[in-house]
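Please put together the full structure from these sequences, using the hints given.
Residue numbers (this note's numbering), protein chains in the order written: chain A, 1 to 373; chain B, 1001 to 1293.
Misleading hints may appear alongside valid ones.
[Unchecked claim] Capping the alpha-carbon separation at 25 Å, the derived lysine to aspartate or glutamate pairs in DMTMM-like fashion look like this: (1) A:Lys369 to B:Glu1004; (2) B:Lys1206 to B:Asp1234; (3) A:Lys369 to B:Asp1083; (4) B:Lys1107 to A:Glu174; (5) A:Lys369 to B:Asp1062; (6) B:Lys1132 to B:Glu1168; (7) A:Lys44 to A:Asp69; (8) B:Lys1053 to A:Glu174; (9) B:Lys1139 to A:Glu174; (10) B:Lys1107 to B:Glu1153; (11) A:Lys192 to B:Asp1109; (12) A:Lys192 to B:Asp1071; (13) A:Lys11 to B:Asp1083; (14) A:Lys278 to B:Glu1153; (15) A:Lys173 to B:Asp1083; (16) A:Lys369 to B:Glu1168.
[Claimed, not checked] To list a few chain B residues with every Cβ distance to chain A over 10 Å, as calculated: (17) Asn1007; (18) Asn1023; (19) Thr1025; (20) Lys1058; (21) Leu1069; (22) Gly1104; (23) Thr1112; (24) Met1123; (25) Lys1129; (26) Ala1162; (27) His1190; (28) Glu1226; (29) Ile1249; (30) Gln1251; (31) Arg1260.
Hints were generated in silico from the structure; no laboratory data involved.
Yeah, the Cβ is synthetic: ideal placement off N, Cα and C, and Gly gets one too.
Letter by letter, the chains look like this.
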Amino acid sequence: MSRLIRFELYKLCTSIPAMLFIVALLLYLISSVFSEEEANVRAKYAVWEGPATAETFKKIHDRANKINDEDHGLDRQFDSGVSFENEAFAHLFNIEEAQIFKAQGLKALTNGLAKPGFEERDRALHTSMVEQINLDTIQYHIPAEKAVTFTTQAGVAVLLFPLLLLIAFIYSKERFSGVDQYQLPAVNGRTKLLTAKLVAGSIFLTGISLVVNLTILGLASYRFGRIDWSAPMQVMDGLTDSPYPFSIGQYWLVSFGYQTFVLIVLGIWILGISFFAKTAIQAILSSSILIGVPLLYQFVISGIFFPETKLFEQGILFFPSRALLTGEVFKTYQTINLGIPLLLPVAILLVQVLVTLIVLKILYQTSRKRQVV
Amino acid sequence: MKIEIQNTSKTYLNGKKALIDANITLEPGVYALFGENGAGKSTLMKILAGLLKPSTGKIFVDGQEMSPLADAYREKIGYLPQDTPIYSNFTAAKFLSYLATVKGVPKQDVQTSVMSALEAVNMTEHANKKLKSFSGGMKRRIGIAQLLLNDPELLIIDEPTAGLDPKERIHFRNLIASIARKRIVLLSTHIVSDVGSIAREIILMKQGRIIKQANPYELLDEIATEIWIVDVTDQELLDLQETYQIGSIQQTRQGKNRVRIISSQMPHPKAVQDEPQLEDLYLYHLDGRSKSA
Chain A
1 MSRLIRFELY KLCTSIPAML FIVALLLYLI SSVFSEEEAN VRAKYAVWEG
51 PATAETFKKI HDRANKINDE DHGLDRQFDS GVSFENEAFA HLFNIEEAQI
101 FKAQGLKALT NGLAKPGFEE RDRALHTSMV EQINLDTIQY HIPAEKAVTF
151 TTQAGVAVLL FPLLLLIAFI YSKERFSGVD QYQLPAVNGR TKLLTAKLVA
201 GSIFLTGISL VVNLTILGLA SYRFGRIDWS APMQVMDGLT DSPYPFSIGQ
251 YWLVSFGYQT FVLIVLGIWI LGISFFAKTA IQAILSSSIL IGVPLLYQFV
301 ISGIFFPETK LFEQGILFFP SRALLTGEVF KTYQTINLGI PLLLPVAILL
351 VQVLVTLIVL KILYQTSRKR QVV
Chain B
1001 MKIEIQNTSK TYLNGKKALI DANITLEPGV YALFGENGAG KSTLMKILAG
1051 LLKPSTGKIF VDGQEMSPLA DAYREKIGYL PQDTPIYSNF TAAKFLSYLA
1101 TVKGVPKQDV QTSVMSALEA VNMTEHANKK LKSFSGGMKR RIGIAQLLLN
1151 DPELLIIDEP TAGLDPKERI HFRNLIASIA RKRIVLLSTH IVSDVGSIAR
1201 EIILMKQGRI IKQANPYELL DEIATEIWIV DVTDQELLDL QETYQIGSIQ
1251 QTRQGKNRVR IISSQMPHPK AVQDEPQLED LYLYHLDGRS KSA
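And the structure:
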């Protein structure tokens, strides 16, 4: 089996043009993360490091108003010093916003009595999670935020392309090129080969995920020096209302594991599509629809073609390509009522595992009986 | 090894009957499948290779009923499809190592079996070249090499000599003759001269049915009195072509046409009988105009 897996990995890794494209895309996207002006922003931010008190934020607001006031704002909008300071403020205000969300959330959670049963358990879980979030300190977190934001947003594109360019293409090609006519009559050519492809695909995608994360980690460390990962993830843009009591570093690790798992799930689904596709174009097109439609909701046409209901918004997160954007999954407190509250990220994984098991069953059954007409 | 195919038929989903009630017994030796395109040769071979499930019928291996999808059966076979599919970015040796692994060749034997397979098809010097640089004939030789990797007892070969030059075809014929001593080799071809001399039996197929299965000499004896040759003028040739089944036409030094005719009656006053060849057999049984006169 290990030899079969090695051969399947070799097939995936030796498509030089596709690999070069993926590396180029990674480097291009990463280049947008590392602003040349980071040191200047850091200098403006550093002034405010320390306890995150109401008094500190009042001072920050006063300063922000002063440099952006109506009398001087227009004149000074091209002043680089002002823009660095404004960028620092944007990050600092996220901390204040997270504090407000935390306070309001806890107040709402302790207001009145919850109904016994699910609501009570749900509220208890939510409260205990939010209480653990520590937003008492302002500490310079921009490099950590930028690195993690990359892996959970733009970096997802780097994770998705190998699925289309390699897994969908290479595995569908086996059928239409006729190589399966060597494989299927062979003793290991059906279920064992399918297992090898599944394992190799999973190893390959884990490798891609690892490379993306390690590349950004390496480049961020090289560019910014020692990075402080200890700030709470709520200081990150878009995550100020998140209930998860993780530091940015912990969130990165969770996100890496989560993304890798979802990527493997998506890889298995796409392998399934490739298994049945009659041409590579058909495989790539079908896979693109599976990947692309849920992403369109996020980036292009949410309010035009998709209903803007909470159920739909939650439901679409169950699609792997959306779940790869971990910021969306972890940004608010959402649970599924199973008697006990099941956190949305866990529910997404469970549903994906269930669908994957069905896909695997179909794949193995078909593999055992496959014919070549 | 003895394989018996009993009452085997294949009807596709579109209703096309590709194989009708085939009954064959195969024992070590070369079996040549002759038939026009669509006669059912590839269907029969794909059923034996485990690539198609028969609609009806049974297959027995050494007296035991067995599904061609069973592992025990698949361990015994080697199959070469009509085309030669490859992984173009693999080297010849890597490709064969991969297929050896898929065929279940033990790890310690892979290298040896790959090298001996390459040697058998005279491709040793190309072992480390990428397959994308190979000509059609070279790819075909790699296809033939992969047949030998797992030392199969049943080799199923669809159009083995397609794309091979005359020298390679002779080499292939000798190779098949040598490996068929202890194995069953079932092959299909349009080029009857390639395998006629080494075939233990010839199986003639037409419209999904096996219409003849016998030793080549027996089959040739059946048409021994029906092959004629005669030298004729161009006008006479036109007349003969309208009435009789023509095997071949050659120009003589005298500027006449030496015509080979398949007919149960003397086609021309000057016609003389000739020894039947396998090509005549093919035309006699499989050409649409057979036995018209």
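*Minimum Cβ-Cβ distance from B:Met1123 to chain A exceeds 10 Å*: Check passes; 17 Å lies beyond 10 Å.
*Sort out whether B:Asp1083 lies within 25 Å of A:Lys369, counting only the CA atoms.*
Given that 25 Å is the threshold and the Cα spacing comes to 23 Å, the pair holds.
*Take a quick look at whether B:Lys1132 and B:Glu1168 sit within 25 Å of each other, Cα to Cα.*
Answer holds: B:Lys1132 to B:Glu1168 is near 20 Å, not above 25 Å.
*Quick one, are A:Lys369 and B:Glu1004 close enough, alpha carbons at most 25 Å?*
holds (22 Å)
*Was B:Ala1162 rightly flagged as not at the interface, with every chain A Cβ beyond 10 Å?*
Holds: least Cβ distance 14 Å, greater than 10 Å.
_Distal placement of B:Asn1007 relative to chain A, Cβ over 10 Å_ = Fine: 20 Å to the nearest Cβ keeps B:Asn1007 off the interface.
*Measuring Cβ to Cβ, find out whether B:Arg1260 lies farther than 10 Å from everything in chain A.*
holds (38 Å)
*Does the alpha-carbon distance linking A:Lys11 and B:Asp1083 stay inside the 25 Å limit?*
Holds. A:Lys11 to B:Asp1083 sits at ~21 Å (cutoff 25 Å).
*Given the hint that A:Lys192 pairs with B:Asp1071, test it: the Cα-Cα distance must not exceed 25 Å.*
holds (11 Å)
*Compute the least Cβ-Cβ separation between B:Gly1104 and chain A, then decide whether it is above 10 Å.*
Label violated. Min Cβ-Cβ 4 Å, cutoff 10 Å.
_So if I understand the rule, the pair passes when the alpha-carbon distance is 25 Å or less; does A:Lys278 with B:Glu1153 pass?_
violated (32 Å)
_Given pair status - B:Glu1168, A:Lys369, alpha carbons within 25 Å_ = violated (36 Å)
Violated hints, in rising order: 2, 14, 16, 21 and 22; the structure is consistent with all others.
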